[in-house]
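Got chain R; can you put chain A on it based on the hints?
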Amino acid sequence: MLFFALFRGIAVRRPSAGNQEVRSDANLHSRNSTAPDLVKILSVILWAPVVGALLIACVPAQRTRIVRAIALGAATATLFLAASLPFSFDSASADLQFFERRAWNPAMGSFYALGVDGISLPMVLLSSLLSLVATIASSTIHRNVKGYCIWLLALEFGMLGVFMAQDWALFYVFWELTLIPLFFLIDLWGGPYRHKASLNFVLYTMGGSVFMLLALLAVYKSSPDNSTAMDSMITAARALPPGTQLLVFGGLLLGFGVKMPLFPIHGWLPLAHVEAPSPVSILLSGALLKMGAYGLLRSCEMLPAAVVEFQPWLLAIALITVIYGGLIAWRQTDLKAMIAYSSISHMGLVLFGIASLNMTGLLGATLQMSAHGLVGGALFLLIGLLYERTHTREIGDYSSLIKVTPRFAALTTLTLLAAVGLPGSLSFVAELHALIGGIQRSGWWTLLLSIGIIVSAAYAFRTIGNLFTGPVRPAMAAVEDLRPAELLAAGALVAGILGFGIAPALPLDLITASVARLSAIF
Amino acid sequence: MLEALAASIPLFPLSAALLIAAGMVSGRLGGEAGECYTRRLALGAAMSSAIALLIVIGLRSRAAMPPQLRLGTWIASGRHRIDCSLTLDALSLSFAMLILLLGVAVLRFSGSYMHREPGFHRYFLVMTLFIGAMLILSLGGNGLLTFAGWEIAGVCSFLLIGYTHERPVAVANASRAFLTNRVGDIGFLLGLLLAVAWIGDLEWPKLLHAARKLQPIAATGLALCFLLAAAVKSAQLPFTPWVTRAMEGPTPSSALFYGSVMIHTGAFLVLRLQPLFEHSVPAMFCLMAVGALTACYGFLTGLTQTDVKSSLIFATVAQIGLIFLACGLGWWTFATVHLFAHAVVRGFQFLSAPSLMHRVAARPMRPVPAFLAHRPGLYHAALQRFWVEAATDRWIVAPVQRMAADVERFDREVVERIVGLPVPALGSLSSAAAWEESRLAATGGSGPDAREAGGVIRWMAHQLALALHWFEEKLVLQGVGADLWKGFRRFGQRLRAIDEALCRPRYLILLVIATLLSVK
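Protein chains in written order, with our numbering: chain R, -4 to 517; chain A, 3 to 522.
Note that these hints are calculated values from the structure, not bench results.
Each residue gets a CB set at the ideal place from its N, CA and C atoms; glycine is no exception.
Hints should not be assumed to be uniformly reliable.
Covered stretches of chain R, as calculated for chain A (at least 3 residues, CB under 8 Å) [unchecked claim]: (1) 58 to 72; (2) 256 to 262; (3) 281 to 293; (4) 320 to 329; (5) 348 to 359; (6) 416 to 428; (7) 493 to 507.
Computed footprint of chain R on chain A; a stretch qualifies when at least three of its residues, placed anywhere within it, have a C-beta under 8 Å from a C-beta of chain R [stated by the list, open to error]: (8) 40 to 46; (9) 74 to 81; (10) 144 to 153; (11) 178 to 184; (12) 189 to 195; (13) 406 to 419.
Chain R with its partners taken away, still in its complex shape (with noise of 0.2 Å):
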């Protein structure tokens, strides 16, 4: 909030901000494909959680019962306006579409513009499902139910807007948005180690936020049409000295590269991940990590020439980051230690099919970005619930779970095959094209990168084997199954990992057109 005013700041002091506003106008509707006065839909799919945390804020906070229901429903109703855009959505077209804007600090030339394309539309439904997803893990939260709902329907608030959000400034807003949520679910809901955990989180995203913000007001200086509008951002960052483009994408690298998390700013990730309460593990891993890499796709889309500059370090990073990530998940012997070093893992994957710079490479950074999505949030709902039932999450106190709960046993084992990239799931055809896009741009480079697939597949066996076979324990007896609510959760996201995975052409037809004009950039 105090960064916005400093973009106040600085739009007052520019006087021409008024007179430009007709040609960012214009500006803005050569992308704009759906006329303004049809049902503005993702408003309408934005501000449902809203209307919810409102609805629960007006119920006691002794009737837990109503609160859940109202935040189910809100979750509910917001998956369900979400899945509908697919059907209306032009797969064919790489424009924004449901495009919505209206002024919003005219002094500035920032709007409340929301809009979706074929990188944003996935990611929208991932956040809208891992959020009803949370809400029905949160069965297991029995303190200050109310408190804990409205910040979890706020915080899908803040994720939807930053993957509509057609603004740099609007995205801004929503992107520290999404830390305030995330702060109290930390500090009051989360382990033993909450507050540091919470704190640490805030304070590592908002020193990259700062650069990233330093970055976006470089750009917004030099912008011909005063406006934050991205399309204008797009024109003035490319005009800039090929010096300052540089620092720009450097700014917003280090941004971004945080939330992703990249080597070697990733410190915050496995504390937040393993003292956050599981279904706010479910939403960090699944969904926020993924705002990282969106953001950083969109900062390549608006500085071309820095990112091919970037090119060689965004690779090292990333092989490094995939590595680093997977060796140390093979040495934990905490679950959630070890699902939160393998996110990095894979979210380094992102980076790899980022930095190959072709169509192929980035439609494997935008699928792995699902893939790991499905994955990662199940993987923390499945641990989660198990850790609610045993209260270790110590893989060595685990053993002969296949006996005692044949379900979690099944979706668990299938789980963690996808996260080793099998055929038959959505991460192996993400990795099938990460790998081809790298193998074209940096050839030899990514041999490299099947160490990074054999340490996952070693963790990923020991951790099927240690789970669920072994001899019985009497500790180990009386573990309870799924429950259906659970099961239907966890079944739904483990059956997108291999339908989707089976049937690539669904998610592949969404983000064809919107992939083919960022590599063309390049």
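Okay, now just chain A, sitting in the frame of chain R:
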């Protein structure tokens, strides 16, 4: 119509697997009552696809069916399109027939052998899945489909090695076997990637046709990638140890996996890639060397084994070494015939191994042959299986483990310190014992988890606060007192001294000249 018929061959076992899985999850299928149903489902599916396969073979022999059948598009993205297609040539059809014949036989055998086992349904689920995967592998029309079948078959092998999941040894062996297989998978995947990069098409006929026109060095690289995959899957040197660990599974499954079908897939891949290998002399030489070495290794080691499954598996490995050798020498037809004959014979031997055990239980072991008995060094080496596994552990597994340890130490010492985590923060409270302890002692304060930042951020904030504090202390608070007046007086005296100096003529002239110069 033709498409549906051909597609139904792998789909029958796969849908049987799906049905069994659905039955197990819903709880309808289980216990002894469901055994009959599961068995009939699995057998019926395998028989149906065998009938479909026979029809396809009949149609193909009358040339009423094309050798390459396109069913649809699997992955279409940008410039690359990967079809869902089937290759129906002599090699793939006969290998599919072999899979189904042995599959039906083993399923029939298992129906009685696994009777009243606790994991009866699980076993049949994995077996039908495996048969489906193998059919995809053999009939798959492009490299990627074959790879998919290849991987799923590998997972099935993992699941069956770990079948007796109460025994930790079985599970550890399953993981080890799968990890070794993963090395081969990477070879396969890399081969496919290179094929995409250099040839641009993965359909077998086009790929093999284009492979003849590749540069020799490129062809060698491509062939070696696939050779790696084939050598791992067929347990050739230096990857042989995984297959001895794979003997943990139930005997009928060992017969199907390591006696007959799966262990031959490596040789099948080499036969499938015949034009590619023929185009590259170094690859042929490697093929020959790997085959010859493995044959000797399997022969010598097999002589010293004392249990039936181990001696059978070393004999298998040696025979497949001979198949590789034949391929390397260019005797492709001979290798093909050898493959099919060996698969049938070895499958039978594995299936009859348990009854054999009953027959020979009382008889003494046959001693090792004289040439081996008189060479203690060689005998010892053979007994130790030539230390292949120990060498792998020492030269590959241990370095990677050490690297992981180093990386983790780096994370602890550098990254986490930058974040400012107390060293034992992560994972210290994750175990059940720690949880119990913390619950008992929950009355204490927040302990080490104070609400404060750490690491670099803390240090920076601390330094900033110190500087500001100093500023506040020195100038704002103390300054208003005597210090500030003293300072001002001293400042005034200095100013007066400068003023006096400037009033002297020489400085005045200097100042005027300087002014004139600067104005100009």
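Okay, the hints, checked on the actual structure:
1. Using a Cβ-Cβ cut-off of 8 Å, 0 residues of the region 58 to 72 of chain R lie near chain A, which falls short of the minimum of three, so the contact claim is violated.
2. Counting residues of the region 256 to 262 of chain R whose beta-carbon sits less than 8 Å from any beta-carbon of chain A gives 3, enough to reach three: the coverage restraint holds.
3. Only residues whose beta carbon comes within less than 8 Å of a beta carbon in chain A count, and the region 281 to 293 of chain R has 0; fewer than three means the coverage is violated.
4. Using a Cβ-Cβ cut-off of 8 Å, 7 residues of the region 320 to 329 of chain R lie near chain A, which meets the minimum of three, so the contact claim holds.
5. Counting residues of the region 348 to 359 of chain R whose beta carbon lies closer than 8 Å to any beta carbon of chain A gives 3, which meets the minimum of three for the stated coverage.
6. Taking a C-beta to C-beta cut-off of 8 Å, the region 416 to 428 of chain R contributes 6 residues in contact with chain A, enough for the three needed, and the coverage statement holds.
7. Only when three residues or more bring their CB closer than 8 Å to a CB of chain A does the claim for the region 493 to 507 of chain R stand; here the count is 4, and the claim holds.
8. Using a Cβ-Cβ cut-off of 8 Å, 0 residues of the region 40 to 46 of chain A lie near chain R, which falls short of the minimum of three, so the contact claim is violated.
9. Requiring three or more residues with a Cβ within less than 8 Å of a Cβ of chain R, the coverage given for the region 74 to 81 of chain A holds, as 7 such residues are present.
10. Only when three residues or more bring their CB closer than 8 Å to a CB of chain R does the claim for the region 144 to 153 of chain A stand; here the count is 4, and the claim holds.
11. Remark: the region 178 to 184 of chain A is confirmed as covered by chain R, as 3 of its residues place a Cβ nearer than 8 Å to a Cβ of that chain, reaching the required three.
12. Here the region 189 to 195 of chain A counts 3 residues with a CB under 8 Å from a CB of chain R, which clears the bar of 3, and the coverage holds.
13. Residues of the region 406 to 419 of chain A lying with their CB closer than 8 Å to a CB of chain R number 8, which satisfies the three-residue condition for coverage.
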